[in-house]
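**Q** What follows is the residue order along each chain.
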Amino acid sequence: MSKIGVFTCWCGENIARTVDVDEVAKRVAGFPGVVCSLNYKYMCSDPGQAMVREKIASEKLDGIVVASCSPHMHLKTFRKAAQTAGLNPYLVEMANIREQCSWVHHDKPSATAKAIDIIRLSVAKVRNDVPLRPIQVPVTRRALVIGGGVAGIQAALDIADAGHEVVMVEREPSIGGKMAGLSETFPTLDCSQCILTPRMVEVGQHPRIKLYSYSEVEAVDGFVGNFKIKIRQKARYVDVSKCTGCGDCWSVCPLKKNPSEFDYGMGMRPAIYIPFPQAVPARPVIDKKVCAKLIRNGCGLCEKKCKAGAIDFKDEDRVVEESVGCIVVATGYKLYNIAKEQPKASLAGYGEYGYGKYKDVIDSLQFERLISASGPTGGVFKRPSDGAIPKNVVFISCVGSRDNAKGMPYCSKICCMYTAKHTMLYKHKVHDGQAHVFYMDIRAGGKGYDEFVRRAIEQDGARYYRGRVSKITQENGKLIVRGADTLAGTPVEIEADLVVLASAMRPADGVEELAQKLNIGYDEFGFLMESHPKLRPVETNTGGVFIAGACQAPKDIPEAVAQASAAASKVQVMLAADELTREPEIAAINEQTCAACYTCLHTCPYHAIERAEVRTGRGVFIKNTARVNAGLCMGCGTCVSVCPSKSADLQGFSEQQIYAMVESLV
Amino acid sequence: MDVLREASLAQHKAAKPQHAVVAFQKAFLDNIRRNGRLAELELIGLYKADVVWNTGRIGVLFKDAGLAPQLNKRKKLHLLPEKAKDRGVVERIFARCSARCSEPEKK
Amino acid sequence: MNIGYYPGCALHGSSNDYEQSLRACLGLLDVQLQEIKDWICCGATAAHSLNHKLSLALPARNLALAERDGHKQLFAPCPLCSMQLLKVQKAIAGNGARGELAQIVEADLRGDSQVLNLIQVFQNIGLDRLKAAVKIPQKEITAACYYGCLLTRPPDVTHFDDFEQPTSMEAVVAATGAKTVDWNYKTECCGAGMTMANEDTVLDLAHKILSNAAAHGANCIVVACPMCHVNLDMKQEAVNRRYGKKHGKKLGMVVYYLSDLVGLALGISAEQLGIDRHFVTKA
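Chains as they are written, first to last, in the numbering used here: chain A, 16 to 681; chain B, 7 to 113; chain C, 1176 to 1458.
Hints were generated in silico from the structure; no laboratory data involved.
On a predicted model such as this, the values are computed, not experimentally measured, just so you know.
Treat the hints with caution; some may be incorrect.
To be verified - Dumping the calculated SDA-like pairs for lysine to any residue here, alpha-carbon to alpha-carbon at most 20 Å: (1) A:K486 - C:K1228; (2) B:K89 - C:N1191; (3) C:K1354 - C:M1369; (4) B:K69 - C:V1356; (5) C:K1228 - B:V58; (6) B:K82 - C:F1454; (7) C:K1247 - C:Q1207; (8) B:K81 - C:D1375; (9) A:K493 - C:V1356; (10) B:K82 - C:N1191; (11) B:K22 - B:N41; (12) A:K359 - A:G541; (13) A:K355 - A:S338; (14) B:K91 - C:Q1340; (15) B:K91 - B:P75; (16) A:K486 - C:N1373; (17) A:K486 - C:K1247; (18) A:K442 - A:G393; (19) B:K32 - B:A101.
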């Protein structure tokens, strides 16, 4: 026989204004099983909770219903209160008579009647509740960080410094990401590599960070606390344990003219190369697409020259396995390309700017390399076509961004700031040069940001035109840029020597395949989905997988670093103990009645159901069965609805309970 | 842009320097309303008359006058215009489209 | 091949050399042009500038007439006309404008004929077939293909070629054996119907187009629009009078209709094509 207590909350005016709480308490007292029915102004307050605890003890209640707000708000509160009073916390139900009743209706009598019905359902449910225990899942106290840019580096260092091992996987030959290629960063005009390389070295030398560079995540198995990762180490053709990084090999390589990935095509690199001098690890890699020895068994000069005998043309990809408890995804971004051929059908190229046929129309990352002191032009600002020093440079904001016609309606956030920075860096190098910026708005919301943009205009003489550029053409080596100055109300035509496009930020290549391997969501642009945009910006809907940096949305370095530390702190919470606690309201399968048809296995969106065998104590096989992985199950109930033998059921929301609730209403 | 053009005309706020363009387009529509198709000489005549009448620029009458014999030489000048047979339906179309236009706001 | 033919006012007016060229050239390629019976003016620039409803009604009437005459394809050689026809098709495909328009124009309106411009007609004939039919390859010609505003834009109405860097006309010209140049004013406006009312702008635009074509090595311009032709050909002398001193020499570019060039390649004489009726007949 049940002894249920019902506690109806007024929530001040929120419920009491529309629902007659006295009437509710009176009517509810008559429900079968209810031995105690009260109402109170604020059930969630200390006195309210005290009331609940007191009644549990004095009336020896074996189940309670709190009729108040949404369980999203206070279910934890009342469960804790019940637990303190000695009642299993899963014998607590909440009847939502606020969001689902008093907040959406006006008529008091009907709202009161509805509230009573809602409570009726909860009473029927709680009568069929069984005590449950939270589930303990063992945790591997190691973390995986995918991506070695500034966000990945920050997350890895934070986690490693807290005492946990970190596995970092970076697909380029060196860590550092996009930040390693920048010239100077806003708003301080710090030299980018100067502030990043110490961090890179720290990662490379940290006793608890295992760095897999030139590697990619091949497969992800398992669940929160227990991930099994397969990592493909791509063949470098260089034995990193023998190599000393002396550089003899790349200085002797005869194939010097390969477009450098690090310089975004603005410079060349040999077939055996290190992406930049401060690379971590400082070991070269051979480009198998162009190396003469690998393609047709020619050359081989580097092998002859190497004093350490580190060149290994027989090298092969290797797949290794790592076990981790949590994953931080920090795969970063890439820039939109204005070419006619686009990787997605939803994107369009920029025919107005030539589809990429003009050599002197470059994007912002290419500009960074040209203006960088350690760039391919040795710190002298030369334009790509003929090496001339540009005297008139046009910077165009919002190329692709904020543009429905190109398929990227979002703002890329950093371009207004880096364009102002570019005009300043340009002026500092070319004193008699003139920078022209075509903009729509100036978005400079960070600390010191607006002042920074004013500096570009007032101190460094950048000319800003509010308007878009409609066309870029080329006449006699000059780029004719036609735009508008909407504030002056005139068209503007500039003969530029160089045009720099602030192209839209897009997620890195391959992120969608990676997201599918990790079972995390991504939006229509490929940016990874956070759990809640306001309150859970670094978590994903998959337990144990966190995101940080530009892979989630366009952002600048301070934000990426902050997000990385946030993700690291989430990881640290998870790795704080040897075991993880999970809510027990998950599915369970009655292995006696299960027919092993595995419909549930194929329909489970979280891949939380496994094939298992039922054996006797001595190991004799009895039957096959499906089994729920308590670590992965999210309690969605899909398996329950598809199981033909009714063997799958949700604990805390069983089919029996649902029938009881429906019957109570009929 | 067209919305702005219609609105500015309805409110009689079209800029003065655009007078010639508006005059031309009005003359064009008048012309096809009556003929169903464009009668070029008639259009030019009425347009020039409008400009002279409203701006006093007599010179407009003689502008491009030298073109007429050039066009004629090339058999591009049609003294008798080609008209549509069923001109009634054209008139009715125009009437229906004018009726459905919102009246200019009386301020 | 029989296709519906909507000449428009220009081709029966002062641009009748364009119609002469079309009939000669397409006739030889076995394309019969069936003129829509009792067509009316499409409204061109004047209608869409002054009266939105009218700008849909006038071309809608012509679409309805083409359907009545049983044409699945409607060739409109003037892009001002083809643009208005395409806009109507878009309007009636989208919302319920069809019923209202049918009422205004007093005819049934389905909107299922395909509106074609001159380049599309050549594409339908087939460039390979064209190449095979060439008798006199036009090796002396280095053409700047000029599309003007209305053939490729707005792209969600025309659905034709790349709207910023089109190449469809170049493909047809190449089939005649002529060379084409890459130049920067392919899709820039010539001033269209502003020839009389805003001559200054037209001369300025025409000057830019003609000079840029010449600067990029072209010895002629190819168009598929009668208004472009007027502004570049008939007005060329006025352009030279105003801007000739600036450059030290006068521009002398023959402006061919696309059908002129194809016709010449097919062996038709310049007189038959009406090229002698242009204002600029020699470079």
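**Q** Tell me, which hint numbers fail for this structure?
**A** Result: hints 1, 3, 4, 5, 8, 11, 13, 14, 15, 16 and 17 break, sorted rising.
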